[in-house]
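Protein chains in written order, with full-length UniProt numbering: chain F, 1 to 430; chain L, 1 to 687.
The set of hints was computed from the structure by calculation and includes no laboratory data. All values reported here derive from a predicted model rather than from experimental measurement. In this text, a Cβ means the ideal position worked out from N, Cα and C, and glycines have one as well. Hints may be right or wrong, so weigh each one.
Claimed, not checked - One side only, chain F facing chain L, incomplete, derived with CB under 8 Å:
hint: 1; residue: R23
hint: 2; residue: P79
hint: 3; residue: Q114
hint: 4; residue: Y124
hint: 5; residue: A125
hint: 6; residue: N127
hint: 7; residue: M128
hint: 8; residue: P165
hint: 9; residue: V238
hint: 10; residue: N265
hint: 11; residue: E277
hint: 12; residue: K296
hint: 13; residue: N300
hint: 14; residue: T384
hint: 15; residue: S426
hint: 16; residue: F429
Stated by the list, open to error - Calculated cross-link-like contacts (lysine to any residue; reagent style SDA-like; alpha-carbon spacing at most 20 Å):
hint: 17; chain 1: F; residue 1: K379; chain 2: L; residue 2: I373
hint: 18; chain 1: L; residue 1: K403; chain 2: F; residue 2: F429
hint: 19; chain 1: F; residue 1: K341; chain 2: F; residue 2: K379
hint: 20; chain 1: F; residue 1: K379; chain 2: L; residue 2: F334
hint: 21; chain 1: F; residue 1: K388; chain 2: F; residue 2: G319
hint: 22; chain 1: F; residue 1: K379; chain 2: L; residue 2: P362
hint: 23; chain 1: L; residue 1: K42; chain 2: F; residue 2: S102
hint: 24; chain 1: F; residue 1: K430; chain 2: L; residue 2: H359
hint: 25; chain 1: F; residue 1: K411; chain 2: F; residue 2: F429
hint: 26; chain 1: F; residue 1: K414; chain 2: F; residue 2: I258
hint: 27; chain 1: F; residue 1: K239; chain 2: L; residue 2: E248
hint: 28; chain 1: L; residue 1: K212; chain 2: F; residue 2: K379
hint: 29; chain 1: F; residue 1: K242; chain 2: L; residue 2: L286
hint: 30; chain 1: F; residue 1: K242; chain 2: L; residue 2: N218
hint: 31; chain 1: F; residue 1: K242; chain 2: L; residue 2: G257
hint: 32; chain 1: L; residue 1: K408; chain 2: F; residue 2: T358
hint: 33; chain 1: F; residue 1: K417; chain 2: F; residue 2: R185
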Amino acid sequence: MSTLEAIYLIDIYGSVLLQIESRGRISPVTSEFIKSEISKCKLRNEEPPFIIYHMNYLIFQQLQDDVRICIPVTCDTEPLYIHDVMKLIIEIIKTYFGSFQSSVIEKNTSLIAQLLTEMIDYGYAINMEPNTLQDIIPTPSLMKKFMEVTGLQSNTPSIHKNTVPWRTSKANYTNNEFFVRIIERVFAVYEGNNQLAFGTLKVDVECKSQMSGIPELLLYLTPGSIMENAKFHNCIDVKRWKDRPLQLQFIPPEGKFILASFQANLSKQKPLPLNVEAKNMTDGNFEIRIRNTGKKPIENLEVRVPLPGSLSSVSTTHGDYIYRPSKSVNDEGAVLEWTIKKIEWTSPAYVLKGTLNTKQELSISDMSDGGFEKKAHPKLEHLTLHYKYPLTILSHFKVDSLKIVNRPDMKSFKGVKHSVIAQDVSVRFK
Amino acid sequence: MVSVGLPSGNSSHSESSEVSELEAILRVDSKDKSGKKINAMKKIIANMSMGYNMISLFPAIINCMETSNVDLKKLCYLFLKSFASINPSEATKAIPVVLKGVHSSNPVLRDFSLKTLTSVHIKNFWVASLDPVIRLLDDIDPYVRKTAVMGVARLYSYDRKIVESSGLIKNLREMLNDESSLVVTNALAVLISIVQSSDVFKLTLTKEVTSKIVDCLNDCTEWLQTIIFDSLIYYVPQQPGEAESFAERISPWLQHGNTAVCMGTIKATLYYINYMTDEVLIKDHLRKVVPPLVTLLARKPSATQYVLLRNVEIILDAYPEIFQSDLHFFFCHFDDPANVKLEKFSILSKLANEENLDHILPEFMEYASEVDIELSRKSVRYIGHLAVKIESRADDCVDCLVKLIDTKISYVVQEAVIVSRDILRKYPSRYKHLLSILLKNMEFFDEAEAKSAFIWLLGHYAESIEDSRMLMGEYVEGFLYEPLELQLTILTAATKLFLKMPAAGLEMVTKVLQLCTEEIQDPDLRDRGIIYSRMLSTNPDFARKVILTNAPPVDVEANAYDPEMSEQLLLNVGTLASVYHKPPNRFARGYFPQYLEPSPVLREKANSAVNSADDLQLDYDLPSSGNMTEDYASKSESNVDSGELWSQTPVSEHGPTPQTEYVSNIQFLAEMENQDVPMISKDLMNY
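When you get a sec, could you build the whole thing from the sequences and use the hints?
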């Protein structure tokens, strides 16, 4: 059972900006302990681990902007739960105050303390929904408005009696709008001859809702929209979806949220629009050929090639390249980055050619192996790609229409936008 | 308890003029001034957080607390809570005002006042809060009831006796029947936290209550849902079909977008599977657990992936049949961090079988060319493990190893010799060609483990290796300069070589034994030397029987945990215990181990055979904070030679052990190992 003993917000100098002790069991020296642990890590020039051990408890910590959020626990705890709670705390403070900077937190300590006591009661995350929190504790800008209107008499926040725990009761818009954006992210590894080794498509259905009252929505999908390994927002009626897999019924929260995410196969019928051939040749020469085989332009292409040593020459037909030599021993190593803003689908192949330094520097380990001639010629192993391919669908998922069940007269649906992002695509050199 | 900033004592710095100004604002007795007062309170709290002493303002603040303005009151309470930790005796003066708030007709005020009253860690406060807590458990507003429930938990943490004697625990149990799911889930949370820290109370939920709790899932926030999933293990199914029906009811939440909810559902489903009888349904539910796990796996950051992979390993250990069709999720991406890759290696090798090896082996070959030396070595090692594990496909794995040795990369070759030892142990004559390939590359072996593996092979295959005597001779020459571990290996290998080829090995073994007994200080090595020399001199036949046995068969795939451990880990899926693979009471205090409660429908565990040698793998030490990966694989090699058993037999330093006891010891061991005594040719007997 996950219980948060306390929450500390600490600035980069180690002084406590805010501390909420939810169980009163953590001793006051905790913050000192955290401070000393973090400075120890700094001396060793490393980022403190996510979990720090103390004799009596474990401290989860994470740095966001210039504030470190620390949560000590005494019992065995679900690390993913703590991780998500931290993320939400940061998000909610951001939605209230615009940022998570120490200066902002310092200015708003009392309000943040109230927020945190509302969110976390006796160590349990009780109310983490931004929508309903705003019903109880108005955002500062709202509060100011109220104060002005009512002559310094602020409104009495009501205890929320909403039956929909993720939705605010106060939503009111003159224009009711609902947007859907479908983002397909590609995670894949290709062989150097453009054959797929393995990969999947991760699809997020992002929504943005600006609707008054409590609307009940029904999203119709076109036949063939299979959602494999689907994950849904709390608002979706999953049991209904199981019976009718082409309909998603829900009461949306306000603002942006991810309605559903699922996986799809990278099908052979719809290959990625970018054909990449990556070859190692003799004497440290290599060649990367890129061609747009799709029907639309590819945007913001980034090619990263980790290098085993230094480069002696590079040339490209298009785009810019940057060579980043490795800075220190602990560093990741040298990288060649090739960026292209846009590739039209009619363009010929874009080519990058280069040569690796074949002269190996003689290191101690080489000596002990009896000389450097045993080392194989330096070879490139892989490259990673990142690009956008807007207005396209790779999966079979399509939205047909959106109906507002309890307000059939309302016309809020603003349509669907599709885009494909090559998020994590690697190509192995031939 | 809330405190803002550091309670600090640099009061000298306080600007007295500003303090009195603030006091004046708070003292003004007028209703329209609450806006100004709010600003003043904010300033005070901000000042406190910067370390200024604001104690002198407390009387004025108590005065202010009487206000009907909710915002102002909240700020005063906030001040009170942090002030109480600095000045407890003064703080008690606020109790009457707070109590008044508890009786307010406004539910918001009741709620806040009760929360404040129970949150202050001072005896007078909690004694005063006992009655209001009992009363407000029946409040008409669910939000207030919820706060009263939480109040019980706070009281329990301050003073157990007060709660136990007042019967509040019984009240709490009744709250599980509350109509509001908010109250039910909070009551559950409190009950669980009480039973987890107490050995007096036990929580057992009935079928009816559990059913109601599961209904609550529909109308509460996702974070309260996680509490419900945690509570489900307090219900022990008694009738066939119950577990199945509950697992079915919670199954929609397997598809929840919130990681914690999803993991909670997985944990509860795995728990219910223990109480299922229908094999088909068990398979069905196990299958349902897979998709949520693998989708989460695709999620960044890598820390999440790591946690999930560690959990996959636990589940895989108990239910090896699942995940087979999701192999590619465990293939490594280039930018996976090393710890994630290592977990994926381990899972892939566990999943490997005759059919899917065609997919897995090329992946490991790919990983073997990793830049990261440790990862590259690990993949070589896993290729060796696959050879041992899948007998029908061992040829392919050995071919891969040979290719890797051909790369002549020093660490790859060294790793290859280490796994070759395992392969040759499993298939003593099938892959003798490996020996000659290794011999050609012996200039690479400079690390202790690789050398040790090579020397073991020299001893074991002395008669098949042409130059074994000469090679062994070199190692014997350098005997005194080697680390202890290697000395032990050389001693045994030299003795084996002698037993196999007495004429060739006599000079060598004499030298080693002499060094061991005369020059060596280490008692283990010395003892082993003494034992070997005694055996050789008193009863050479016997020595042959003992020393030339085959070691027990290698098992690279043995279950990592004993059944009890596995049970505990499965009950803790998603927690730190599941990440460290250690029971929770090893790293967190105040934890009572959980076990599956007996029930007529509790399924017998499929007899997961536990290899006794694997007990060695359960070290219970706290993991170091940075790197949590453990090397299960390498440990299985530690007990390579039956000769090492000898180092555990106590032999007195001074004076020989009585002959009879010594002999009976040997007989006992010889009988134990007898199944596998190799054939000894006649001519070797006469030396």
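We went through each hint and held it up to the structure:
1. R23: holds, 6 Å
2. P79: Since chain L brings a Cβ to about 6 Å from P79 (chain F), closer than 8 Å, the hint holds.
3. Q114: holds, 6 Å
4. Y124: At about 5 Å, which falls below the 8 Å cut-off, the nearest Cβ of chain L leaves the hint on Y124 (chain F) intact, so it holds.
5. A125: holds, 4 Å
6. N127: With a closest approach of 7 Å, the N127 (chain F) hint holds.
7. M128: Holds. Min distance 5 Å.
8. P165: Holds - the Cβ of P165 (chain F) comes within 8 Å of chain L, reaching about 4 Å at its closest.
9. V238: holds, 4 Å
10. N265: The hint is violated - N265 (chain F) has no Cβ within 8 Å of chain L, the shortest such distance being about 11 Å.
11. E277: violated, 18 Å
12. K296: Cβ of K296 (chain F) sits 26 Å from chain L, so the hint is violated.
13. N300: violated, 19 Å
14. T384: Holds. Min distance 6 Å.
15. S426: At about 5 Å, which falls below the 8 Å cut-off, the nearest Cβ of chain L leaves the hint on S426 (chain F) intact, so it holds.
16. F429: With a minimum Cβ separation of about 10 Å from chain L (threshold 8 Å), the hint on F429 (chain F) is violated.
17. F:K379 with L:I373: holds, 16 Å
18. L:K403 with F:F429: This hinted pair holds, its Cα atoms lying about 19 Å apart.
19. F:K341 with F:K379: Given that 20 Å is the threshold and the Cα spacing comes to 28 Å, the pair is violated.
20. F:K379 with L:F334: Roughly 16 Å between the alpha carbons, so the hint for K379 (chain F) and F334 (chain L) holds.
21. F:K388 with F:G319: holds, 16 Å
22. F:K379 with L:P362: holds, 19 Å
23. L:K42 with F:S102: With a Cα-Cα distance of about 17 Å, the restraint between K42 (chain L) and S102 (chain F) holds, given a limit of 20 Å.
24. F:K430 with L:H359: Cα-Cα ~18 Å, so holds.
25. F:K411 with F:F429: violated, 52 Å
26. F:K414 with F:I258: Holds. K414 (chain F) to I258 (chain F) sits at ~17 Å (cutoff 20 Å).
27. F:K239 with L:E248: Measuring from Cα to Cα gives roughly 11 Å; hence the hint holds.
28. L:K212 with F:K379: Given that 20 Å is the threshold and the Cα spacing comes to 63 Å, the pair is violated.
29. F:K242 with L:L286: With a Cα-Cα distance of about 18 Å, the restraint between K242 (chain F) and L286 (chain L) holds, given a limit of 20 Å.
30. F:K242 with L:N218: holds, 16 Å
31. F:K242 with L:G257: Cα-Cα ~16 Å, so holds.
32. L:K408 with F:T358: Status holds; Cα separation ~18 Å.
33. F:K417 with F:R185: Status holds; Cα separation ~14 Å.
In terms of the numbered hints stated before, the structure departs from hints 10, 11, 12, 13, 16, 19, 25 and 28, listed from lowest to highest.
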